[in-house]
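Participant: Residue numbers (my numbering), protein chains in the order written: chain A, 66 to 265; chain B, 836 to 930; chain C, 313 to 555.
Worth double-checking, as some hints may not be accurate.
[Unchecked claim] Straight line, CA to CA, 20 Å or less: simulated DMTMM-like cross-link-like pairs of lysine to aspartate or glutamate:
no. : chain 1 : residue 1 : chain 2 : residue 2
1   : A       : K83       : A       : E258
2   : A       : K167      : A       : D108
3   : A       : K194      : A       : E165
4   : A       : K83       : C       : D356
5   : A       : K122      : A       : D108
6   : B       : K855      : C       : E458
7   : C       : K490      : C       : E458
8   : A       : K122      : A       : D93
9   : A       : K194      : A       : D169
10  : A       : K149      : C       : D356
11  : A       : K149      : C       : E420
12  : A       : K194      : A       : D254
13  : A       : K149      : A       : D254
14  : C       : K542      : B       : D923
15  : B       : K925      : C       : E420
16  : A       : K122      : A       : D160
17  : A       : K193      : A       : D140
18  : A       : K149      : A       : D108
Note that these hints are calculated values from the structure, not bench results.
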Amino acid sequence: MAIISRGFLGRRCAADAKLPPGQYLTTDFPVLSAGPTPRVSVDKWEFTIDDGNEVLKRWDWRSFRELPTESITVDLHCVTRWSKLRTFWEGVSLDTLFEEIKTDAQYTLVHSYGDYTTNLPLDDLLSKKSWITFRFDDDDLAPEHGGPARLLVPHLYLWKSAKWVQGITLMREDQPGFWESLGYHNHGDPWREQRYSSDE
Amino acid sequence: MSSHAYDYLDGNAAAGELSKILAVDVTAAVGQCAHCGATRRFADAHVYMQCPGVVARCAACEHVLLRLVSVGHRVVLDMRGITYLSLDTKLGSAT
Amino acid sequence: MWRVGTVVALRDETATARTISLNVPDWPGHVAGQHVDVRLTAADGYSAVRSYSIGSAPNFGKRIELTVERLANGEVSPYLTQEVAVGDRLELRGPIGGWFVWRPQQTELIQLIAGGSGIVPLMAMVRSRASAGSTAPFRLLYSVREPEAVLYRDELKALPTRDHPVSVTYAYTRAAPKNWPQPPGRINASLIADTTWPSNLGPTCYVCGPTSFVENAAALLTASGNDPHKIKTERFGPTGDRR
Chain A
66 MAIISRGFLG RRCAADAKLP PGQYLTTDFP VLSAGPTPRV SVDKWEFTID
116 DGNEVLKRWD WRSFRELPTE SITVDLHCVT RWSKLRTFWE GVSLDTLFEE
166 IKTDAQYTLV HSYGDYTTNL PLDDLLSKKS WITFRFDDDD LAPEHGGPAR
216 LLVPHLYLWK SAKWVQGITL MREDQPGFWE SLGYHNHGDP WREQRYSSDE
Chain B
836 MSSHAYDYLD GNAAAGELSK ILAVDVTAAV GQCAHCGATR RFADAHVYMQ
886 CPGVVARCAA CEHVLLRLVS VGHRVVLDMR GITYLSLDTK LGSAT
Chain C
313 MWRVGTVVAL RDETATARTI SLNVPDWPGH VAGQHVDVRL TAADGYSAVR
363 SYSIGSAPNF GKRIELTVER LANGEVSPYL TQEVAVGDRL ELRGPIGGWF
413 VWRPQQTELI QLIAGGSGIV PLMAMVRSRA SAGSTAPFRL LYSVREPEAV
463 LYRDELKALP TRDHPVSVTY AYTRAAPKNW PQPPGRINAS LIADTTWPSN
513 LGPTCYVCGP TSFVENAAAL LTASGNDPHK IKTERFGPTG DRR
């Protein structure tokens, strides 16, 4: 049993919010990274959807920014237990990006500039569940928070919202990503507290 | 693609977490990066601990050397990024 | 794995840094340069772990000292520097570290280079040398933001005048004392050339502080001819806080 540190709260604030189990409210925006921040200029930026064999669709920054965007307000839940509520983003819905894609692949592997990957069922990306975002809180998305663009999948733990997103590979079989391959939960629903692979 | 923010720690900072699964202190060990072949002291590895686990990267090429996660009661150590670790056991123990 | 230490004394070193003296009944002893991981646990189970270098010399039995610098945005350092009281108990893991250490059996020339709170493990080495009666030649280059940020001020002042002295050079990055010969700035090649052991003497160098400080200092040492294998480094992260 750990020794309780008298009066220790950490960076958290006490608030009466409805949070997923085991989460704590924070008002700042922690930067958690598994590596150096990639510096990607928008001149070189590309986003692709491929099926493992060929690129199905590709956007450069200009063509990406011509797509219709949405402004969204969502709650963020990180598996390291902090939650940040009512965050404000602008981005392109994955439904828009997948409009002309026909596939019977059920799984995806999202990959970032750098070497980060995370896997999600395609269903968890579509039907208004995810966006490629490029603005946060009325400003261009900062590099330390994933800029120029990051995936945002608010209904799952934040490790699924890949920063510095570069593309999505469609897969017929599921393949675990960077953290999933070490024991983090394959799906990651914060409301069912799916943190680790041993969780239900 | 390198960070100019000098936002990493080094292998010394990871030693406490690594002691959950390794009985030997590896900071003095020399390791070979499986990606670029550089042989460096593990104490000099670039370490990121502000994430759901510990990630140590090669100071020369930034590829992942090892990852450590504590998931519930289980500790998982993935060392596929290191070809070998070499430790001089005569160097003296921790105390 | 986790030991429990009881806070027996507190001493403010500067406006933002405090030394915490702990009694740790099962302390196995340590070597200068090692650190501990401190774990704080809130009543609801939330916990945070941070590393702090041991500042005290090895020969104090069950007593160790940590000097903690308070970071504005820190999660643990504000608690340790402002809330912790004598009698409180802290969970510690350690001692940790087998590379960034100095033992009295070492007789070679030693060059210490500290940036900000990086002075803590190097001070343990200075204190270890004194308590062991070692005559190993030590030089210290200590870079801080401004004079008020110097830790262990009085103890450092006495070092150059003791038997078996340690020469101490200060460098200031933001604000220097009046009439200081150098304008404030990062340490550079000429400071290394003028104040550190000549590289041809083959010193072992210990560099500790914020990551950018360490990379700069280590590069300068290498450029002035020091063998990279003789440069030992410990990086404290972007602001000097290890997580």
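Participant: Tell me the numbers of any earlier hints that the structure contravenes, in ascending order.
Facilitator: Structure breaks hints 2, 6, 8, 11 and 18.
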